[in-house]
Amino acid sequence: MDLFHNLIYGFSVALHWQNLWYCFVGCFLGTMIGVLPGIGPVATIAMLLPITFNLPPTPALIMLAGIYYGASYGGSTTAILVNLPGESSSVVTCIDGYQMGRQGRAGPALAIAAIGSFFAGCVGTVLIALFGPPLAELAFEFGAAEYFSMMVLGLISAVVLASGSLIKAIGMILIGLLLGIVGTDVNSGIARYSFGISELSDGIGFVSVAMGMFGFGEIISNLEQAAIDRTVNVSVVKSLMPTGNDIKMSIGPILRGTAIGVVFGILPGAHTVIASFSSYTLEKKLAKDPKRFGKGAIEGVAGPESANNAAAQTAFIPLLTLGIPTGAVMALMVGAMTIQGIAPGPQVMTQKPDLFWGMIASMWIGNLMLVILNLPLVGMWVKFLKIPYRLMFPGICLFIAVGAYSINNSSFDVYLAALFGFFGYYTSKWGCEPAPLILGFVLGPLMEENLRRAMLISRGDPSVFFTRPISLGMLLVAFALLLMVVAPQIRKKRAEVITESGD
Amino acid sequence: MAFHNRDKKDFNAGILYIIMGAFFALWARNYPMGSAVRMGPAYFPTVLGWLLAALGLIIFVRSFFEHGGEEPRKTNWRPLTLLLAAVVIFGLLLETGGMVLASFALMYISSLGGHDFKWKEQLVNAVFMTAVNVGLFYYALALPFKLFPWS
Numbered sequence: 001m002d003l004f005h006n007l008i009y010g011f012s013v014a015l016h017w018q019n020l021w022y023c024f025v026g027c028f029l030g031t032m033i034g035v036l037p038g039i040g041p042v043a044t045i046a047m048l049l050p051i052t053f054n055l056p057p058t059p060a061l062i063m064l065a066g067i068y069y070g071a072s073y074g075g076s077t078t079a080i081l082v083n084l085p086g087e088s089s090s091v092v093t094c095i096d097g098y099q100m101g102r103q104g105r106a107g108p109a110l111a112i113a114a115i116g117s118f119f120a121g122c123v124g125t126v127l128i129a130l131f132g133p134p135l136a137e138l139a140f141e142f143g144a145a146e147y148f149s150m151m152v153l154g155l156i157s158a159v160v161l162a163s164g165s166l167i168k169a170i171g172m173i174l175i176g177l178l179l180g181i182v183g184t185d186v187n188s189g190i191a192r193y194s195f196g197i198s199e200l201s202d203g204i205g206f207v208s209v210a211m212g213m214f215g216f217g218e219i220i221s222n223l224e225q226a227a228i229d230r231t232v233n234v235s236v237v238k239s240l241m242p243t244g245n246d247i248k249m250s251i252g253p254i255l256r257g258t259a260i261g262v263v264f265g266i267l268p269g270a271h272t273v274i275a276s277f278s279s280y281t282l283e284k285k286l287a288k289d290p291k292r293f294g295k296g297a298i299e300g301v302a303g304p305e306s307a308n309n310a311a312a313q314t315a316f317i318p319l320l321t322l323g324i325p326t327g328a329v330m331a332l333m334v335g336a337m338t339i340q341g342i343a344p345g346p347q348v349m350t351q352k353p354d355l356f357w358g359m360i361a362s363m364w365i366g367n368l369m370l371v372i373l374n375l376p377l378v379g380m381w382v383k384f385l386k387i388p389y390r391l392m393f394p395g396i397c398l399f400i401a402v403g404a405y406s407i408n409n410s411s412f413d414v415y416l417a418a419l420f421g422f423f424g425y426y427t428s429k430w431g432c433e434p435a436p437l438i439l440g441f442v443l444g445p446l447m448e449e450n451l452r453r454a455m456l457i458s459r460g461d462p463s464v465f466f467t468r469p470i471s472l473g474m475l476l477v478a479f480a481l482l483l484m485v486v487a488p489q490i491r492k493k494r495a496e497v498i499t500e501s502g503d
Numbered sequence: 504m505a506f507h508n509r510d511k512k513d514f515n516a517g518i519l520y521i522i523m524g525a526f527f528a529l530w531a532r533n534y535p536m537g538s539a540v541r542m543g544p545a546y547f548p549t550v551l552g553w554l555l556a557a558l559g560l561i562i563f564v565r566s567f568f569e570h571g572g573e574e575p576r577k578t579n580w581r582p583l584t585l586l587l588a589a590v591v592i593f594g595l596l597l598e599t600g601g602m603v604l605a606s607f608a609l610m611y612i613s614s615l616g617g618h619d620f621k622w623k624e625q626l627v628n629a630v631f632m633t634a635v636n637v638g639l640f641y642y643a644l645a646l647p648f649k650l651f652p653w654s
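If you're matching them up, the sequences are chains F and R in order. The first sequence begins at 1 in my numbering and counts up one residue at a time. The second sequence begins at 504 in my numbering and counts up one residue at a time.
There may be inaccurate statements among the hints.
Claimed, not checked - A few chain R positions that, by computed beta-carbon distances, are all more than 10 angstroms from chain F:
| # | residue |
| --- | --- |
| 1 | F506 |
| 2 | F568 |
| 3 | H570 |
| 4 | H618 |
| 5 | K623 |
| 6 | Y642 |
| 7 | F648 |
| 8 | L650 |
| 9 | F651 |
| 10 | P652 |
| 11 | W653 |
What the hints assert, rightly or not - Derived EDC-like pairs: lysine to aspartate or glutamate, alpha-carbon spacing no greater than 16 angstroms straight-line:
| # | chain 1 | residue 1 | chain 2 | residue 2 |
| --- | --- | --- | --- | --- |
| 12 | R | K649 | R | E574 |
| 13 | F | K295 | F | D246 |
| 14 | R | K511 | R | E574 |
| 15 | F | K429 | R | E573 |
| 16 | R | K511 | R | E573 |
| 17 | R | K577 | F | E224 |
| 18 | R | K511 | R | E569 |
| 19 | F | K429 | R | E574 |
| 20 | F | K429 | F | E224 |
Treat the hints as calculated values from the structure; they're not laboratory data. The beta-carbon is built from N, C-alpha and C at its ideal position, and this holds for glycine as well.
Using the sequences and the accompanying hints, generate a full structural model.
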């Protein structure tokens, strides 16, 4: 069976010592960062991106992927032990996970979270392997018009499912698109918006934008607020073994959570957060005694944890098959691939099968590593959590600055990162999300190119986007999504979900 | 509708979008527009720029009609200026004074922006992280940069 051969090939790539090592490094760093509140996977990936420049593409992407799901594992650890979400999708885990901790059952909570996540990871990996090739086949049918419409759909769905004002988020996308245009225009050779600065004629470094807005911007915002003392409520971890009853009650939630996560991961938007929330809501509705929720119900940990890990895995599907990023993290991956000289898209699978299948196999290995890492190392993570923020953040700033410098060995990129830090700080104060900007920034030049090409081929006829069926379909979905958000009932429901998440 | 009751977040965001959108669209006049069939370099940014400015206008006007919006959190100038200054100084020092000095400067200056600043502990922190930085990036990852002013 083709699937079998491909997976074997993938494992042979993933088990090379170099790839294994970087998988481990990624998972370790990801967990470490996931454990710390205040730095999310996006900022971490942005920070560590420059390290990957010297690496060949396969280990680089393996490491970055490891960081991503390492962060979701790490986030659950903090959520259960300290009642602080290490990253956004762990918010739900805090609810029942921490209560279990207060009841002396932090160990089983952590164990079930890890097992559920591992199961979800396995399923996710198999799904990518199964659906990757057919999806990529489909993508080969895509012409410039389809690509353009797909990017429009991707951008719209990403903001529809995100929190905050829709219209401001669209504005951020536009700013991102415009900033992405800065640089030399491929078609005409004219340097746009470079104002005579030679560094700008190559475009704005995407790492500077990402690190500036997500890194510096977030740190400054964190510092504005009162210092949080994280050490107060750390639950003690006694034994890690879940009881037989725990396991029995978790099977259903894990299966259902995985299913939910798989679906949400593929859709653009804040996949992991929505997946974990939906799972929690579902489990609460299905439970025989819903009042147990909020007081330490293990289903409230098993379901959401599986959901968020499944979503994290399947989020790679649109990226690896169609080449379209569905969120900020994936946008960073696109950036990483581009810098490595790989054009993301369906051809990655055929032209670089070692990269494609190697990544898939290493996702499974990464999940395994995370289960092994997190359970015994819990004690270490707890100690790490106790380092005060005031000692941590200068080091983080330093890493960001060095990272920015190392792109081109130029201080200009450092200044740009500072500028975007300033910009990001104010825009988020005013309710403008940074993630849509990054998405727009990465997609900007691609969208323009496809638009141009589509118009050229159709000889200036804009209806081509509506006459070609796939393109029309995607634009209709995008429009429907926009309508959905604007419709009053959905507006209220969306606001409910957002306030509950406390974003 | 009153100036004082305006939703400040929307007001500010709207103005930002108008200014940025108009800037990109107007500056694009320096480049050839081309036609719909063969889009020149100015085409895409002009369209996007005006679209952005239009959105900004909507948000701006809307801000006068929305009351009870949350005030944007007041700017705390200390972390903002110290952190960004530290980064800029880092960039300036890097090519003249070398990585060791630049790292140390960034660590120490940025730490001034945090809570409970204690100079002795931040001094140690700065030395420690500079060492980690050099060890990781220069030695372990072999990234090229100047370490000392005399390198």
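Hint-by-hint comparison with the structure:
no., hint, verdict
1, F506, "17 angstroms, holds"
2, F568, "14 angstroms, holds"
3, H570, "16 angstroms, holds"
4, H618, "4 angstroms, violated"
5, K623, "12 angstroms, holds"
6, Y642, "13 angstroms, holds"
7, F648, "7 angstroms, violated"
8, L650, "13 angstroms, holds"
9, F651, "16 angstroms, holds"
10, P652, "15 angstroms, holds"
11, W653, "19 angstroms, holds"
12, R:K649 x R:E574, "46 angstroms, violated"
13, F:K295 x F:D246, "15 angstroms, holds"
14, R:K511 x R:E574, "6 angstroms, holds"
15, F:K429 x R:E573, "10 angstroms, holds"
16, R:K511 x R:E573, "8 angstroms, holds"
17, R:K577 x F:E224, "9 angstroms, holds"
18, R:K511 x R:E569, "9 angstroms, holds"
19, F:K429 x R:E574, "9 angstroms, holds"
20, F:K429 x F:E224, "11 angstroms, holds"
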